[in-house]
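> In case you want the letters, here they are:
Protein chains: 2
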Amino acid sequence: MIIDIHGHYTTAPKALEAWRNRQIAGIQDPSAAPKVSDLVMTDDDIRETIESNQLAQMRLRGSDVTIFSPRASFMAHHIGDFQVSSTWAAICNELVSRVCRLFPGHFVPAAMLPQSPGVAPETCIPELIKCVDQYGAVAINLNPDPSGGHWTSPPLTDRHWYPIYERMVEYDIPAMIHVSTSCNPCFHTTGAHYINADTTAFMQLIQGDLFKDFPTLRFVIPHGGGAAPYHWGRYRGLAQELKKPKLAEHLLGNVFFDTCVYHQPGIDLLTRVVPVANILFASEMIGAVRGVDPETGHNYDDTKRYIEASTQLTAAQKQQIYEDNARRVYPRLDAALKAKGK
Amino acid sequence: MIIDIHGHYTTAPKALEAWRNRQIAGIQDPSAAPKVSDLVMTDDDIRETIESNQLAQMRLRGSDVTIFSPRASFMAHHIGDFQVSSTWAAICNELVSRVCRLFPGHFVPAAMLPQSPGVAPETCIPELIKCVDQYGAVAINLNPDPSGGHWTSPPLTDRHWYPIYERMVEYDIPAMIHVSTSCNPCFHTTGAHYINADTTAFMQLIQGDLFKDFPTLRFVIPHGGGAAPYHWGRYRGLAQELKKPKLAEHLLGNVFFDTCVYHQPGIDLLTRVVPVANILFASEMIGAVRGVDPETGHNYDDTKRYIEASTQLTAAQKQQIYEDNARRVYPRLDAALKAKGK
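From first to last, the protein sequence lines are chains A and B. Position 230 of the first sequence, counted from 1, bears residue number 230 in the working numbering, the numbering being contiguous throughout. Position 294 of the second sequence, counted from 1, bears residue number 294 in the working numbering, the numbering being contiguous throughout.
Derived by calculation from the structure, the hints in this document are not laboratory data. Source: prediction; values computed, not measured.
No distinction is drawn between identical chains; accordingly, a pair holds when it is met within one copy or between any pair of copies.
Distance condition first, Cα-Cα at most 20 Å in a straight line; then the derived EDC-like pairs of lysine to aspartate or glutamate:
id, residue 1, residue 2
1, Lys246, Glu295
2, Lys318, Asp64
3, Lys246, Asp293
4, Lys243, Asp293
5, Lys130, Asp172
6, Lys243, Glu295
7, Lys35, Glu94
8, Lys244, Asp213
9, Lys244, Glu295
10, Lys244, Asp293
11, Lys14, Glu94
12, Lys318, Glu308
13, Lys212, Glu166
14, Lys212, Asp172
Turn these sequences into a full structure, and let the hints guide you.
Structure below.
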């Protein structure tokens, strides 16, 4: 089985974006604010967007199950206050849960949180609980920068975040560290902010000792870990200067990287540098880079081709990356699959 | 000849830091402010710090000439106002110029600028002119984020920066895009802020069309280009989505990467992905990562070993990386070397 741990509902019916635009307009002009019940999408609407997009690609490329969460760039936690984020997160999570119920063999949900800049993370707990208990979410997406590129929250190792971590540990669910749209003109959302956030999070974890407090806490750093694997020597050296244990001991029991690296040399570096046990298959399709690479004739984000073409990985190691690691890092996914006899 | 294009005076006599601390104290309490003339360092003081550090390492590792600039993390443009930055930049540039005069066969200067958050970049021009005309600076370091991790300046493609670029073109000098200390607790200075800035700058250049306005402008993105080479497929794909020309045509006549990547797999990726003509040898020793890698028994930042050990590069390509590219990208360095018969 091939499990893609990083998929977002980037192709939702246009009604979703239209509703969100009305919600945003309503922040300035409450008379323009829509009701939740104004948003109507039929099961057929949803089916169509999945069957012609993500599911079509999964069949074509040969992956079986996707961990599916609301569109990352649309989380936009910087917009409005907690109430705005809370309503929006509830809508997006419910929508993803409908996708997963419509295609139970192919999609398993992960939740976005109703984060809001300057608001205590514990306010996200009710949505988290609902998503796990009612929707069967097997993970959360945690935004280390709800300000959208101004980085006004404390580092991930700060006690600020502990209420979320306590629930993650209780439920035994991992978090993917994933920012949203940048509203800082310096940072292109998917070309700078996403990758910088991955790198930033990894370095914060090196600096801290978070996993002493939460030995079973697990983070997935997407987009191949940002710059971390390419600069692995720098990070090993910085950990050494900071008198931390070796990375393997300090972080690699708790920190995992996905394979959203959109060319063969990048994947080859990742698999050469990072232990196979810490690499999880993912594509983030249909996402930031939707085109066809003229150098290969295939989609940039068809990451399975790079894993397949790897001459460094054995068949057993590919199996770990495709399936075994995901079942270990996402135990609720494993349980859900086993409940279906998979 | 082996030219290291990325060295900072990280080992300056302690009197420099003590003076800076007094200058910083003087921002709040003008009675504590030191005079420039209070800072006294003899030629012997300077000689000692270079001979026992950078020059000793150059001899040991086998590099010949270093492009030398003030310590990057000490630029700290976010501290004080333009006058504070101006006095500090003048001191640091003069000090580096003394090093280069004391060791004319080994060090060639590059200038820091007296940038200050919210202050127009043209205010840096007099210092730039002085450094080129009087000190023989062959390049500048340009900080894309003088706020120190808050990213309050416009992107590098904005006309905001054009007065600097006009002078660079006039003098035919490149800029290394190099941030300084992060005062944002989210970003570790050398582990996150430096690498993020490299990635951010590269993406800004993809988004814009700066080199249409300045066809001969040249930037060096340090630390191996941040995350860019590891995510080369992502960047090729994003350029494609943005309807930009291919990276080779869009940027690679103007953008170069150094080899400050502190492990063999990283260097191997860089040289596999980026054309050899765009790679310049550098170590940034004695800098962010000063330790010995237990996996190799050698310093992490002894980057010449990785180039030497590369099985992908021919001898002619190594010669390009070690010397030829630097002479082409830094024509004033080439002229200075030729004037010495080198």
